[in-house]
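Residue-level listing of the chains:
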Amino acid sequence: MKNETSSIVESSYRTFYGKLFSALFSQFGANYVNEIEDAIQNSFYKSLKSWKPNQVPDNKENWLFIVARNDVYNQIKKGSRLNSETHFKSSEEAENPNEDLRLKTILFLSKSKNVSSKVKVIFILKNIFGLHIKEISECTLLSQDAIYKSINRAKKDFQQATKEANFDLTFEQVTENEIVIIEEILYAVFNIGFDSFSEKNQTIINEDLCLEALALAKILSDKFEQITTKNLLALFCFHLSRIPAKIKGNKIISFFEQDKTNWNNDFIKLGFHYLEKPEKLNKYYLEALITSKHMSDTKNDIQHWDEIIKLYHLLLSISNSPIMKLNLCYCFSKAQRIDEAKELLEIVENELPNEHIYLSLVKANIFKNKKTMESEKIIEKVLKNINQKIRREYILENISTGF
Amino acid sequence: MKKYLLLLHEDIEKMQQLSPKEMEELGNSHMAWAEKLGKSGHLISGEGLEENSVKIFGKDSIVKDGTFLESKEMIGGYYLLQAKDLKTVIELAKSCPCHLFGGTTEIRPIMEMEYEE
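As they're listed, the protein sequences go chains A and B.
Terminal number for the first sequence in the working numbering: 406, no gaps in between.
Terminal number for the second sequence in the working numbering: 120, no gaps in between.
To be clear, the hints were calculated from the coordinates, so they are not data collected in a lab.
Given the structure is predicted, the values throughout are model-derived calculations rather than measurements.
Since no wrong hints were added, every one of them can be taken at face value.
Quick look at which bits of chain A chain B covers, simulated, 3 or more residues with Cβ under 8 Å:
no., stretch
1, 15-27
2, 54-66
3, 128-139
Backbone N, C-alpha and C define an ideal beta-carbon position, used for all residues, glycine too.
Next up, chain B with everything else stripped away, as it sits in the complex (with noise of 0.2 Å):
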């Protein structure tokens, strides 16, 4: 099994104009996918992200506040998954809910040592 960092770019505008209804839809997806992927063994962890960041810069470890860059998109949340290749991670992306309302998903296997005797 190898493992693949699910990425969850949203488009805050869209976020911000959900309406309750939406807003508990979406919910309500994102928990029966988790579950579901749960099941199956492909989930192994996910959390959603605030929305303020912090950004160091460069030796002399400047810090700024990273919140509000130009792209009106951001990372709202990850999903750590495990499959056998990336085809299955890419079918099992397909449905998550973040893609919605306008929402994009990146998926970045994790880097395994090759390392064999």
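The shape of chain A in the complex, shown without the other chains (with noise of 0.2 Å):
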């Protein structure tokens, strides 16, 4: 399996996109990414004009990053930008990309302070992964205009960053800290993957963002070895597994519907190899403790409700996400511990967003019992909100069955 994986991977042009960009990136520099952009682009144009049957390179990246690299150099020189004072890394240095540099660019660009979480994570869905400004705007729910505001601005920072600070894309001296936010960052580029809204596929997950993303946590954990990787990885694996029960017949399928026997064994097999018990909880080990319970358990019976009631609050005492708690309400609710659940919605209410889909969602569950009127206004506002068909078939044949 793990080769199927990877040939998946390496053959496709969005992780070439990544590879090449952080390749000419580590020659080039902040400067000219905006030609990187352009030459990378312009490579796999040419790519297709050239390559034909039987004539293709054996090295597809290496016949890419070489055309893309003469572009950026001629880009350069047309725009007189080349002064006697640039230097760039010699070319040998980077004729071959034989590395792997995203992960080290991804670090690299996680560094710096003048940048946003998010501009830093839509940037790198971009440049990293290869994501087309549509498809970030298809699997985020931003606007085009939106992303292309925050793609522009985090060139200017980085820009800017760079300006001050040393050049150089290294694994060396790397803090435990920095782990922490590349980790982050593949978490969130996973969650944006197997959350995706691409009406045009009628899919609701990116396997490939997810796949590119698994790829690059192993990656991480090879090199650092740390265990809030592994649990990282642990908990991708878990998820991965059900992708091939999540949809059937164009239709979302609930996690409790779904039918186990079409999960995949071995991600599972490989979620728990990696789910080891970490000395210091991280919320990675706990998520996926969650998941594999969830996915382990048969009964679905209150006890199991309680169990993981008990890991949810364990996993708030180190994450405040809002979404944390909101799982935790849903909990509280199939827990038929309905005052708690009502009590820490009230939190929740003042920290997310009026009108949040899921927030919705599971108010109108916990309210289902007692106040039907109630629930029926809040489903009925939520599916005028949602523009996706599949997502709304969703949630209509779900609502009388508590999602």
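Now that you have both chains on their own, put them together as the hints suggest.
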């Protein structure tokens, strides 16, 4: 399975995009991001024109890299921006992009203090994960315009940041804190992929993106051997294992309704392999543990929910995520602890924007038994705000069963 | 068998906007299409064309850079095909991947001398 995964990942242009970007970025620096982006696009275009059946280069990545690198040089020369003071790393150093520089680039970008996390993630989705603006828009529900603006901001800020700092992509002197940031970014990318919104493809999962996040997390884990990264890998594996069962006949199947025989056992095994108990609790471990408990539970009774609630309490003692609080609200309601659910719900309502979809759904579920009218009203509002057909159908079908 | 030149007019703006994934799809489609036509004996040759062009005008042979014409379309490549008649080529060209992202194909039959004793 491992080989299968890596072959899917390696052959994709999206992966090439991230690798080429990182290699060129390390060579030319943050001042030439626009040129680098154009050059990669051009190299893809040229491959389209010149590769023929039986005449495809053995090393596609290297071919694309050389074409793109020359393109950047040409663009710089054309713009007369190449002056005697400009020093690029010798081409020998970057001649062969054998080393995967994507993680180093993510690390470098994540260190910058001028750029907000959201903007960093968008920039990384585009340039390291090779997503197009319209794809980012589809999977984040942000407007294309807003994404353009974010990316342009990021370019300027990174430029500014590299003026003052030594520009070097390196794994040396990486602090634990910086690994935490990379993990956060991979976690965000994975979640975006796992809950993607492509109306066009009738899909709600961007599997490539999830696998790519997994691949990078694996490299990170091999390099630094942090237990948190292992726990993150465990979480990824448990989620990935359910992808084959998540959609059936263009419909989303909720976790508890899924046909477990369709779950990918290799990923589940791999998940347990990585689920190592850390000395100090971390959120990935707890999330992975919760997921594994849900996946292995067969009874779905109050006792099960009480156990899950305990884990969520632990999780919330180290992470203040309102989404996790909502999950806990839902667990309370499943464990018939309605008063506790309502109490927590009130707190979460102040932390999330009005008409937050997930919030509304949990709320509707909690009030379902007592205030049917109120519950219906909330659902009606939610449906109005969801413009994706597959999700609307899902909610409509599941309101009666408690999602 | 008659010969036909299939010209691929590409929408430059659209091509520049393709995502890496779409680029890959388009490349693979062209490859598969050419391979299919090669096997069926319809493909003689085919090449992609660079974007830059030079035009030479009139009897004074004035050389001009013809890269960016007013049109946003340009000929991005060609296929030289052979088939028994135009109808067959039209059917083949309909499935040319050039159409996938807003491109147009144009069929130009190669002129043959009708010289029979």
